[in-house]
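Asks: Sequence order for the protein chains is B and A. In terms of the numbering used here, the first sequence has 1276 at position 61, counting the first letter as 1, and numbering is strictly consecutive. In terms of the numbering used here, the second sequence has 1298 at position 83, counting the first letter as 1, and numbering is strictly consecutive.
What the hints contain is simulated information worked out from the structure, not anything from laboratory work. Treat the hints with care, as some may be off.
When chains are identical, the list treats them as one kind, so a pair holds in a single copy or across two.
[What the hints assert, rightly or not] Below 20 Å or equal to it, Euclidean Cα-Cα: the simulated SDA-like pairs (lysine to any residue) are:
id : residue 1 : residue 2
1  : Lys-1375  : Asp-1350
2  : Lys-1246  : Tyr-1466
3  : Lys-1375  : Gln-1393
4  : Lys-1243  : Ala-1451
5  : Lys-1243  : Gly-1453
6  : Lys-1375  : Gly-1322
7  : Lys-1246  : Ala-1260
8  : Lys-1243  : Ala-1418
9  : Lys-1243  : Gly-1435
10 : Lys-1243  : Ala-1467
11 : Lys-1243  : Arg-1330
There are 2 protein chains.
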Amino acid sequence: MTFAERLARAQQSTDSLLCVGLDPDPLKLPKDLLADSHARFAGAAPLYAFNRRIVDATADTAAAYKPQIAFYSALGAEDQLVESIRYIRERAPAALVILDAKRSDIGNTAEAYAREAFDRYGADAVTLNPYMGEDSIRPFLVRPDRGAILLCRTSNPGAKDFQDLLVDGLPLYARVAQRAAGHWNQHGNLMLVVGATYPREMAELRRAHPEVSFLVPGIGAQGGDLEATLAAGLDARGAGLLINSSRNIIYAGGGAPAAIREAATELRTAINRQRAKPQA
Amino acid sequence: MTFAERLARAQQSTDSLLCVGLDPDPLKLPKDLLADSHARFAGAAPLYAFNRRIVDATADTAAAYKPQIAFYSALGAEDQLVESIRYIRERAPAALVILDAKRSDIGNTAEAYAREAFDRYGADAVTLNPYMGEDSIRPFLVRPDRGAILLCRTSNPGAKDFQDLLVDGLPLYARVAQRAAGHWNQHGNLMLVVGATYPREMAELRRAHPEVSFLVPGIGAQGGDLEATLAAGLDARGAGLLINSSRNIIYAGGGAPAAIREAATELRTAINRQRAKPQA
């Protein structure tokens, strides 16, 4: 099955465009985690314990999980990332796993990063930075069953520093999308990161690239507006998006399981309500 | 001591601008490594064993070592990277350690990556990708004793895809240099990656940024010309560069210690010969 087919199947079987970000800050773990009967590993493996709780609470609402590798590698906790992904496969087998790593390098180094994401961690897709150009992305595109998700227009304030610069009248981020979606995407396994904080830009990208799916950060904590994002980014089938939320879900109610479940369910429902409306 | 002072001291005390890249490909390890008396760890820790050999052979010629983290993380060999850096500190205490990671992310994620590079691995500097803008780089610049090394004009073929695009008549890579060297570099701890394969571009960057040091990949295996690179990139003091070589040194003579030593010594000597000439 190709990556595009796996993505469509994940979205259909969960009836969801929701991606849950697994960014477990060790300073913000739920206070009750150590006492939780689920979390018997909590002392030795607190990130894994927290992720188990999140996956248990969202297994029926998430189309994808997106662990941010920095939170594990800062602590030397790669084993907890491996265990968390194993748990997702067991508990939420329909969901995709996106390794958020924003890798960028060339040649045999890029190949090593592809092995890290796809073989060591078994991720379905990995986020990548386009600055180094085609030969830095190619090693992630050669497996049709895995996805390469390119930074395009990100949701942070600094995105304007370079991504918005005009090249012959077109912003750099649009050039990135143009080149990547056109020349690089032979297997249909390329996605773009398009932040929720810039719905006008997202609408332009959707018009230019009706067939490409977007991974959308920036809903919630970063201030992106859900309704505007969906109006701008949904494709003709009412899909084409994975809407990521991290902090607003995993720290809901201080990280209590019921609050996590409710936050995820509410967001999925709000997304699906708008998907049901006729698209412009 | 600031990062700029540490860099200058490393270059002076080793009388060298040479940076040795520690990119140990597990498929290309020296055949005799397991029999080497130095390498009693070779079976369990082959990357570390190979790095010990390289460091032993180059400790008096390298101003810096640059381990490429992908080669360790692809294998789950983070512990061998930690051990390799510990060994560099012991055997080559004057040399800087540059973690080649090309990280790019924002906010608390960038802070986690800074902890990975500077605290977990104890690196003196880390390579970074500028695409996400100022807030993605800031967390790496706040420690004046550590360096942030930004991709500017890289040495690979794909560099032209985006880095060379003209923004109001100036290539994107020059905009990156302008903004980073100008606004972001309050502590003088920012360097730029400028590939050896484009000496004309390097000369322009040197004229525009006489005070900024460049990390230079692409000599040797990637075809960069040493003489042209030095003519283009040396600053008024005959420094301002770290010239990286990886494969041409570490696989010299199939990775035999004497051949590694000779390759490193030759490159340092060739660099210093040109440094001794009056600069244009």
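Asks: Regarding Lys-1375 and Gly-1322, is the shortest C-alpha distance of 20 Å or less found within a copy, between copies, in both, or in neither?
Replies: between (29 Å within a copy, 15 Å between copies)
Asks: For Lys-1243 and Arg-1330, with the copy left unspecified, which applies at a CA distance of at most 20 Å: within, between, both, or neither?
Replies: between (31 Å within a copy, 17 Å between copies)
Asks: Between the shortest in-copy and the shortest cross-copy C-alpha distance, which are at most 20 Å for Lys-1243 and Ala-1467: within, between, both, or neither?
Replies: within (11 Å within a copy, 49 Å between copies)
Asks: With identical chains treated as interchangeable, where does the CA-CA distance between Lys-1246 and Ala-1260 reach 20 Å or less: within a copy, between copies, both, or neither?
Replies: Within one copy only: 15 Å inside, 39 Å across.
Asks: When Cα atoms must be at most 20 Å apart, do Lys-1246 and Tyr-1466 count as within-copy, between-copy, both, or neither?
Replies: Within one copy only: 11 Å inside, 51 Å across.
Asks: Please sort Lys-1243 with Ala-1451 into within, between, both or neither, judging by C-alpha distance up to 20 Å.
Replies: Classified as neither: same-chain Cα gap 40 Å, cross-chain 50 Å, threshold 20 Å.
Asks: Which holds for Lys-1243 with Ala-1418 at a C-alpha limit of 20 Å: within a copy, between copies, both or neither?
Replies: Classified as neither: same-chain Cα gap 35 Å, cross-chain 48 Å, threshold 20 Å.
Asks: Are the CA atoms of Lys-1243 and Gly-1453 at most 20 Å apart within a copy, between copies, both, or neither?
Replies: Cα proximity of Lys-1243 and Gly-1453: none, with 35 Å in one copy and 49 Å across.
Asks: Could you figure out if Lys-1375 and Gln-1393 sit no more than 20 Å apart (CA to CA) within one copy, between two copies, both or neither?
Replies: This pair counts as both: shortest intra-copy Cα distance 18 Å, inter-copy 15 Å.
Asks: Using 20 Å as the alpha-carbon threshold, which applies to Lys-1375 and Asp-1350: within, between, both, or neither?
Replies: between (25 Å within a copy, 11 Å between copies)
Asks: Measure nothing new, just compare the shortest in-copy and cross-copy C-alpha distances for Lys-1243 and Gly-1435 to 20 Å and report within, between, both or neither.
Replies: Result: close within a single copy only, 18 Å intra versus 47 Å inter.
Hint compliance for this structure: hints 4, 5 and 8 are not met, and every other hint is.
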